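Enquirer: Now for the letters of each chain:
There are 2 protein chains.
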Amino acid sequence: MKTGQYVYPFAEGDKSMKSLLGGKGANLAEMARIGLPVPPGFIITTEACNQYLSKSEGLWPELKAEILDHLQQLEHEVGRGFGSERPLLISVRSGAVISMPGMMDTILNLGLNPVTVEHLAGEVGNRRFALDCYRRFIQMFADVVLQVGNHLFENILTEARQRKKVRTDAELDEADLDKITTDFLDLVRKETGKDFPEDPQEQLFLAIAAVFDSWNTNRAVVYRKANRIPDTLGTAVNVQTMVFGNLSEDSGTGVAFTRNPSTGEAGLYGEYLLNAQGEDVVAGIRTPHPISELKDTMPEVYEQFLQTCNKLEEHYRDMQDIEFTIEKGNLYMLQTRTGKRTAPAAVCIAVDMVKEGLISKKEALQRIEPEQLEQLLHRRIDPEAKDNYVARGLPASPGAASGKVVFDSDKAKEMEQNGEQVLLVRPETTPDDIHGIIAAQGILTSRGGMTSHAAVVARGMGKPCVSGCEELQINMSKGFFTIKGEEYKEGVVISIDGTTGRVFIGEVPMIEPEFTAEFRELISWADEVRRLKVRANADTPDDAHRAIELGAQGIGLCRTEHMFMAAERLPVVQKMILASDLSEREAALSELLPMQQGDFEGIFKEMAGFPVTIRLLDPPLHEFLPDREELLLEVDKLRREDSDPGLLREKEMLLHKVQSLSEFNPMLGHRGCRLGLVYPEIYKMQVKAIFLAILKLLEEGLPEEKLQPEIMIPLVGHREEMVRMKQLVEKTAEEIFNDKRKKISYLVGTMIELPRACLIADQLAEVASFFSFGTNDLTQTTLGYSRDDSESKFLPYYLQSKILLSNPFAEIDREGVGKLVEIAIEKGRSVRSNLKLGICGEHGGNPASIEFFNLVGLDYISCSPYRLPIARLAAAKAALQG
Amino acid sequence: MKTGQYVYPFAEGDKSMKSLLGGKGANLAEMARIGLPVPPGFIITTEACNQYLSKSEGLWPELKAEILDHLQQLEHEVGRGFGSERPLLISVRSGAVISMPGMMDTILNLGLNPVTVEHLAGEVGNRRFALDCYRRFIQMFADVVLQVGNHLFENILTEARQRKKVRTDAELDEADLDKITTDFLDLVRKETGKDFPEDPQEQLFLAIAAVFDSWNTNRAVVYRKANRIPDTLGTAVNVQTMVFGNLSEDSGTGVAFTRNPSTGEAGLYGEYLLNAQGEDVVAGIRTPHPISELKDTMPEVYEQFLQTCNKLEEHYRDMQDIEFTIEKGNLYMLQTRTGKRTAPAAVCIAVDMVKEGLISKKEALQRIEPEQLEQLLHRRIDPEAKDNYVARGLPASPGAASGKVVFDSDKAKEMEQNGEQVLLVRPETTPDDIHGIIAAQGILTSRGGMTSHAAVVARGMGKPCVSGCEELQINMSKGFFTIKGEEYKEGVVISIDGTTGRVFIGEVPMIEPEFTAEFRELISWADEVRRLKVRANADTPDDAHRAIELGAQGIGLCRTEHMFMAAERLPVVQKMILASDLSEREAALSELLPMQQGDFEGIFKEMAGFPVTIRLLDPPLHEFLPDREELLLEVDKLRREDSDPGLLREKEMLLHKVQSLSEFNPMLGHRGCRLGLVYPEIYKMQVKAIFLAILKLLEEGLPEEKLQPEIMIPLVGHREEMVRMKQLVEKTAEEIFNDKRKKISYLVGTMIELPRACLIADQLAEVASFFSFGTNDLTQTTLGYSRDDSESKFLPYYLQSKILLSNPFAEIDREGVGKLVEIAIEKGRSVRSNLKLGICGEHGGNPASIEFFNLVGLDYISCSPYRLPIARLAAAKAALQG
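Chains as they are written, first to last, in the numbering used here: chain G, 1 to 882; chain P, 1 to 882.
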């Protein structure tokens, strides 16, 4: 950029100058530079815009002079002149660095006035055409520059058509247009109190200032804030000679992609219309032709266009989205930019281009947004389907499903066994519903958040779930539910979309997941470049198997409580909780021991050769007991009915226990290692089960180095907790080793999920061999947000009104939670340089968060199996950026 | 300390050498140094102890030689010898730097054996006496050095008494004692497999080693850990010539305080026994005489003792706790140390001593533990009363009360109006119980924690409350409650102690608070030295009045929600919450406006000249609604009974609202500024009420500078929350100022109660003029402890088993919460150097926490009015330390 130069002719720019010339301008210059047919023009820079906005005294004289200077050159180049007999007509377009809505878009045909319109008519020999251009110009200019509402012009047009009894503007004749332009000019005079500007220079300066001003419209400001676009970028203005696709039958206009943006298939994809301007293609009154037909209609133009597209793709090394116009058989390029594409297309194009030698593997990886892959991994509602959902809950587990509504888990199982597809619909689910969840295609609950039982279990199973759908009112006893006053009987077919939280009545077209060869190939390239290891959160041998298939390098979080939830185990777990003394509790625990041992055997077998991090029991015990309110009503009923006193006493005792275990804030209650300290026998049993499983596998011949247990103590906040829990693990292990005369090495570490743990991480690292950041809970405590509550209460409002720019449970809050993670890493490594660091919160599957975790130096991330491909790609991108 | 010197004769020590000689030894040396009659002796240093413990090879030759060297000097000095005809008998006592239980205490009469016992008998002309000394020596030595259980010796003594059919050992004669000593020696041989050591040197070395070893007994280690006494201090050993108070009728022993340790009254206070040894005074078989009687019995000795006591008090400049022995008319001092005292005595003595010119005001302040003052401020259970409580809950609000049990608030009010004293007993209280709480002497609940409704309201009113007393089972409908299976009818008189959480059946003797002139004087001295300002947490004009009386320099926390809880307001608040649209809600708010305005007028009037920090509405809205479970049962009942459908519909709607507002973790839910953002109309009303109140007072003539409102936004975690809430306050204020054509200056700040707020405090300080640390909530989130849950669940276990050394809700957790406070201060002041910093959590009234707050540089602390004197004293002590 030359100092003080605010205007660049296309010939002086190129595609590297986006920040100065805006995206559109830089690409127009680039196309001109490489010899493509671009109607000549010039660009007023973003610097000029910033100057203009900071001065707030309008366009200043030097700038005007510079513009007029380039205008003169342009007139000279094209042999036309503003207001002359060969009138110069131009388009004025905004061109921000990053394209954004809310900016002034386009003014066409600038330069027309009562005099030049007649010159134009004479020149092209078509007065109707000239008047139509004039009419369009007045309307656009008045709307965007003079702020005269567009609907007022549309009213005049509508009246004209009605008078004439025709359907389209094309059917209006020269006389009609004469009257319309006069009416338009009158309207402007009436609305603004001034005449429509006739001087083309004045028109041009007004249009440029309007583009600059549009940078600060409310909509543009809000959009920038939401998308974190700096306010200082400014916008450029593109001034370009008009070409007319609507001049004749050998004229036309069209848009095309260099490859199919839906599928990624190679080959031109687009459409065109003859004798039309750009807006006609969009308006949808006439049906455009597929681009391939141009080959027959105008073979030479088609061939030229094809060559141009190839040249552009090779030049830009990416699929292009192109606008073109044909004026009397001459092809003009009006825009090129990188084309938007669907996820399958993105993957296909990236892989194809690597194979074509156009781009490198690293470039291919950088071109895919990991989040896009989500749609390739789950069944989803066809985005083309009508979006007529009847209610919306929380997107608790991704994927889509249809099925008959069932309220009862036993019935769900029964119907599923009869070959029916069912959706389990409940106020909330409890561990008692586990067989119903297994039987169902998906789960819909009217209460509960993203961490409710239904949500957690569904995510673990990879089943779609919508939770906390508060519009849904279920009347279980009478067998129906209502949404917005409408009643639906049990058995009706509904569909849910767990990715967005939408609920539909009836079946909805679905798209199956597309796990293509290209996809697999791309992800394997990601593995070549990433630094972060990627593990899975998996609680069962099945989960572990799936995780390995999806590329996991270990288990980062095995939640032992999920093993407690299985239908046949729950009664034993409840017996353990309700035990009136230690010996009763230990009896129940010894029933659980072989069950947990069996799970661990299966998991270690699947994960042979990879580390497995097992978290000891974490949730508060009341989560395993029946719902308090239901029990309350039941006891009340038993009391009233003078029923079996034994049963009443039993239920009363159960209620008393449930009440005494219930907590005001279970999230901050008696859970995690607090359980392990108060009831050491529970943790002892779990540790026993782990080591017995390992020794059994050793006996069966699995080599020792294939078994890498990492025992994780949850919710540690004080050094002493970690010390005592480590002692418990070591003592229990020692006993088993002595008993079986066989040892194995293992790690004991902690989950970092409390702010205090981060602040004293140096003390913890003295005891713990690894840290795994539990960023879900760390987010809850650091921000003081209950995930279950906030996602259905204030959080949506916060996001919608931009108090928060992203959901901190989806994308890690770098300033708060992230800061604590950094503190913990620094303190932890200061006392133990080889401290193993990972993350097992749901942020482990979120690309923006993975970028952060790579940056701060974690060793691995762990996420749910279904997000593994996303995490692998995101980790690769993070490595490429870092 | 001379290098390599491990033994100090009394003559070489003084009171400054406590760390080397231990407390007891240093004081013995000091007394000897200033010419008081102390039986000669020497001290083996703490250094010797540390050497001994690190070497673990017993007493080493050089040490033994040094001891023997001093022993020889001692023999020379007193003209006696180990094993000689004039046998040297000594006592061996431990002497830690800080006195602590678990250490070996005392061995008397060391040096006796079958030979010397006869020499002694001959010398004093009393063989029974000599045998009695020998018997005692064997028993003590065997117990503490040889680890032969004391009960085995007691068995022998008991048998002897039974044989002789006498009640006391004094009634046993010489022959009995001959047999007993023989039996004792046999017992030692049987238990240890060895003869009892006869060589006095061997006895001495064994005793010294036993004292050293006792440093590492489990009990001593645990005590040090709990009291944060370094393990490296070690203990000294005191070796001192025996004197015998039990030698004759002109011998005796006693203990005395130089002033009354209960009341602080000047003058000797103590007791003595003639012909007795120290342990006889303690044993309680003979009743000791008041010290004053010694004046008549042995006038010269008394006069000498009185002079000695005066000398000691002047010398030590504090009240002394003294042990003495008289041997044949000669007075010997055996110990002096600073005397323990009750809180009233501490205050009285400190103030008296300042007036006597003995100590300075600053010294007086440093001598009082602020925590002690608690007992001066509240009615309390007489500590002399038998501690026969039947149950224990949480100490939710200090003070004690008795009254008839009432379950129902209406009835409580009615009985109170009939002049009866009642205690309100409920499972939990709700805002509906407010009139019952007002009517009651105190409140007892079976559920709920330290921040339950009952606890918070009671603390605010200064009424005793015990909450979460889970042993208590209330059967409201049948009118009784049970504790440990015992049934008590409504109407029974009980007593509660809100300071300790104890519950008593019946009336218990109480002590009224003692707010003496000395107390007031002492606190006024505190105000002269403290740097921290002290404010009160006060929600009503009455609170504010009390706060001013107790020395508040402003209100640090005015919780506007407590204004919502008043009986006549609650229905309006509920109307506001249940409003189906904005206009209904605004109608209810406009009813509340004049009520809140009235409160603010009263508060600002009371606080004229002082700042008043008003926190806008903080708790989640469901706290103002009826109990969910009660409502559930009620709706269930209405449904069953087919009652008035209008009523049913109303209750169903209410239940639906309660359910939709209820939260899994209300602590982390929709509260604080999250309410203000989603329902700005609520905050607007509150801000309006504040400024209307102020303008009214201005009109009434209160000068502007006397009105210092500080509006506090609660639960801010993101800058944007603070920005928007400040805008709301400013806009609302501006409207009122414009309307009334009058302005006033005010501050807008935030409560820092989330970890995230601390981590981005620099961003917040750009917007907020002050920070007030809400350390209650900050502790909950930083540690992940729900206060309501943890205090009744795992926290007692954590404290009892020393996982935590103090309750983080009582004393601030410096490593975690404190670290965040420091981060916030540093970040906040980095962008706003004059940022006003305070604390309004309950730690504001806790001395250890106040020390911290002074250290990190807060401007003020705020606490409940009743803790103001404690806080003022603690702030002074902190300033003196810092």
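Hints listed in this document are in silico derivations from the structure and should not be mistaken for laboratory results. From a predicted model like this one, the values you see are computed outputs, not experimental measurements. Note that beta-carbon positions come from the ideal geometry of N, C-alpha and C, so glycine has one too. A couple of the hints might just be wrong.
Pulled from the structure, derived: some chain P residues nowhere near chain G, Cβ distances all over 10 angstroms [what the hints assert, rightly or not]:
(1) ALA210
(2) ASP231
(3) HIS378
(4) ARG628
(5) GLU766
(6) ASP789
Straight-line Cα separation of at most 25 angstroms, SDA-like style, residue types lysine to any residue; simulated pairs [stated by the list, open to error]:
(7) G:LYS605 / G:ARG585
(8) P:LYS533 / P:ARG520
(9) G:LYS411 / G:GLU470
(10) P:LYS651 / G:LYS827
(11) G:LYS637 / P:ASP636
(12) P:LYS340 / P:GLU300
(13) G:LYS802 / P:ARG520
(14) G:LYS651 / G:LYS605
(15) G:LYS533 / G:GLU512
(16) G:LYS637 / P:ASP627
(17) G:LYS827 / P:ARG520
(18) G:LYS637 / P:GLU634
Enquirer: Now tell me if each hint is right for this structure.
Expert: Now the hints, each set against the structure:
| no. | hint | in the structure |
| --- | --- | --- |
| 1 | ALA210 | holds (31 angstroms) |
| 2 | ASP231 | holds (16 angstroms) |
| 3 | HIS378 | holds (27 angstroms) |
| 4 | ARG628 | violated (8 angstroms) |
| 5 | GLU766 | holds (14 angstroms) |
| 6 | ASP789 | violated (4 angstroms) |
| 7 | G:LYS605 / G:ARG585 | violated (30 angstroms) |
| 8 | P:LYS533 / P:ARG520 | holds (18 angstroms) |
| 9 | G:LYS411 / G:GLU470 | holds (24 angstroms) |
| 10 | P:LYS651 / G:LYS827 | violated (55 angstroms) |
| 11 | G:LYS637 / P:ASP636 | holds (10 angstroms) |
| 12 | P:LYS340 / P:GLU300 | violated (28 angstroms) |
| 13 | G:LYS802 / P:ARG520 | violated (54 angstroms) |
| 14 | G:LYS651 / G:LYS605 | violated (42 angstroms) |
| 15 | G:LYS533 / G:GLU512 | violated (29 angstroms) |
| 16 | G:LYS637 / P:ASP627 | holds (19 angstroms) |
| 17 | G:LYS827 / P:ARG520 | violated (48 angstroms) |
| 18 | G:LYS637 / P:GLU634 | holds (13 angstroms) |
The earlier numbered hints that this structure contradicts are 4, 6, 7, 10, 12, 13, 14, 15 and 17.
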